[in-house]
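Going down the list, the sequences are from chains A and B.
Take the first sequence: its position 301, counting from 1, is numbered 301 in my numbering, and each next residue is one higher.
For my numbering, count along the second sequence from 1 and bump the result up by 324.
Quick caveat, the hints were computed from the structure, so don't treat them as lab data.
Everything numeric in this text was worked out from a predicted model, so none of it was measured.
Heads up, some of the hints might be wrong.
[To be verified] List time: in silico DSSO-like cross-link candidates among lysine-lysine, alpha-carbon distance up to 27 Å: (1) B/LYS457 <-> A/LYS47; (2) A/LYS193 <-> A/LYS224; (3) B/LYS460 <-> B/LYS432; (4) A/LYS224 <-> A/LYS278; (5) A/LYS224 <-> A/LYS313; (6) B/LYS328 <-> B/LYS462; (7) A/LYS47 <-> B/LYS432; (8) B/LYS328 <-> B/LYS610; (9) B/LYS619 <-> B/LYS603; (10) B/LYS460 <-> A/LYS47; (11) A/LYS193 <-> A/LYS179; (12) A/LYS47 <-> B/LYS462.
[To be verified] Listed next, the stretches of chain A that the computed footprint assigns to chain B, with coverage defined by at least 3 CB atoms under 8 Å from CB atoms of chain B: (13) 43–54; (14) 69–75; (15) 96–102; (16) 136–142.
Yeah, the Cβ is synthetic: ideal placement off N, Cα and C, and Gly gets one too.
Listed below, chain by chain, are the residues.
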Amino acid sequence: MPVLTHLEAIRQGIWEEMERDPSVFLIGEDIGVYGGAFKVTQGMLEKFGADRVIDTPISESAIVGAAVGAALMGMRPVVEMQFMDFIACGFDQIVNMAAKIHYRWGPAVPIVIRGPSGAGVHGGPYHSQSNEMWFVHTPGLKVVVPATAYDAKGLIKASIRDNNPVIFYEHKFLYRRIKDEIPADDYVVPIGKARVARSGTDISVITYGAMVWTALEAAEELEKEGVSLEVIDLRSLLPYDEEAVLESVRKCSKVILLHEDTRIGGFAGELAAVIAEKAFEDLDGPIVRVTSPDTPVPFSPPLEEYFLPNAKKVAEAARRLAAY
Amino acid sequence: MASKLTRSQHHDLYYYLRLNRRVDEQLTNLYRQGKVVGGVYSSLGQEAISVGTAYALGPDDFLGGMIRNVGAMLVRGFPPRDVFMQYMARRDGPTGGRDANTHFGDIKRGVLSPISMLGELVPLLAGVGLAAKIRKEKRVGLTYVGDGATSTTPFHEGLNFAAVLKLPLIVIAENNGWAYSTPVEHQMANTNIVDRAQAYGIAGVAVDGNNVLEVYEATRQARQRAYKGEGPTLIEARTMRMKGHAEHDDARYVPKEVIEKWRARDPIATYETFLTAKKLMTAEEKSAIEARLDKVIREDVEFAEASPLPAPEEAARPVWA
């Protein structure tokens, strides 16, 4: 099986959907001639033509709005945000328009809004955010956050085939660092199904996106100390796999909730509430969060390193929790 | 070239203008009877814009209106009962009580629902045009903004986007002088909205928004340009908001003499005078139209009032398609 990077896997997934379904088209800034700021759409203009790979003015509101309009006409637009930080400029079209159309008056809105998010590459406050919770708190949307290259391809394909607005977070730190063997067959990874990234018995680490790799690194470390971490990769946050979360918590009786996003109002808060409501009696220790602090993402490398969760911080939290 | 409307097309226009007015009057009645949930947003005095624009479209075209574009939705085939049930939050309304007033649409009728945030339909209708362009279909998207909405991001981004991509889009700027209590000169330094067309590099036309034939003709020509691949048109339709923002607002901030001046230019009365003078409508024909209106309004109010409120648990219907 060919080995593809995270980024190549996403490209292949989009490519295959473009070949499979003529109603799929791409729209965004610098995605055609230039192939996208990170080259996710490289080669697509040449292959699929300017009608289906559309370079636009710098107008996130118009791009998303036009995608919604085209989707109502039966198309399946895939919107690229050059950086997911810029999604704020198209916010109203996502949360007030796209998210609410089906509930309010019926039609489906099959659009995907995808792009690079996350920190770790010294991008500063406006090229590093993990802003997924803006959309997790909006009924009507779906929010997908893959960690592996295999999942990235399978989930982008599932997102393009989905009949709802899907916000698809690609972690730029993973783009060229993570690789997988990608099967040649036309597979999809269903949205809403978590994955056990590592099986363990002592502490469940529930996480998503790039932090899955951080959790796995911490698990290696803790194994040497005789503490067995289980790592759950949520893959999507809206909907999310509540059953998988509870199952892992019941099995390990201790849980660390890990995300790169900031703390207050992060997904860990929601998970903590659900675990407290539904698995309270299974817990043998406090629910522990490992997250970024509540600040913007700072630019300078030592500041950013201080800001981000890492394997060391997860391992420290795990040691404290293991003592209960 | 100006098109010549047939006698029966004139009667259609007159019918929809009057239907728009009658629906508006009925909504005010229902409001005063305490049957409307929330506010009533009148289109009094602006009917020629909704009706003239919508009537110039074909069955494959799409439009998306604002709160005062009830007339456009009636022309696209929604019965008055749908409007009444929307305002009364009833079960059998197009949104089943999940949204209010003109916030409804139907893909089969070529109508997209507005949202409360102004200008947001400009990108959507540009997207309708984009889909048509990709699939090489003949279709235009038409939408409306008020003078207030021309200050918003989606108005600017949407028009510029459509201009650059040469999309079949028509934007009707209904300049009715007021955005809630804010007069147009507090909304923009240059109150000639149509001037912006030049800035975007697109066709721009200013029309008398109280003259249904002028509105119709400008829209028809804009549609022809769009079909020929010549891109969007911005039409500024100058008119006056004859009531407050909504029924609760007595609009005391609007000078009385301005209202009086515009009342003399009522779009329906002036059209009726024109039709009579040109012998395009007899007194008998007019009475027949009015009888038709009486019937549809009576039946549809009855139907709407008979419709129950939605079952509470309908609130929990799925948000995903």
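Hints, verified against the model:
1. B/LYS457 <-> A/LYS47: 19 Å, holds
2. A/LYS193 <-> A/LYS224: This hinted pair is violated, its Cα atoms lying about 30 Å apart.
3. B/LYS460 <-> B/LYS432: 19 Å, holds
4. A/LYS224 <-> A/LYS278: 32 Å, violated
5. A/LYS224 <-> A/LYS313: 16 Å, holds
6. B/LYS328 <-> B/LYS462: 23 Å, holds
7. A/LYS47 <-> B/LYS432: The given pair, whose Cα atoms are some 34 Å apart, is violated under the 27 Å limit.
8. B/LYS328 <-> B/LYS610: 21 Å, holds
9. B/LYS619 <-> B/LYS603: Within the cut-off at roughly 26 Å; holds.
10. B/LYS460 <-> A/LYS47: Between B/LYS460 and A/LYS47 the Cα gap is close to 19 Å, so the pair holds against 27 Å.
11. A/LYS193 <-> A/LYS179: This hinted pair holds, its Cα atoms lying about 21 Å apart.
12. A/LYS47 <-> B/LYS462: With Cα atoms ~26 Å apart, A/LYS47 and B/LYS462 stay inside 27 Å; holds.
13. 43–54: holds (count 3)
14. 69–75: holds (count 7)
15. 96–102: holds (count 6)
16. 136–142: Per the Cβ count (3), the hint holds.
Hint check: violations occur at hints 2, 4 and 7; the rest are consistent with the structure.
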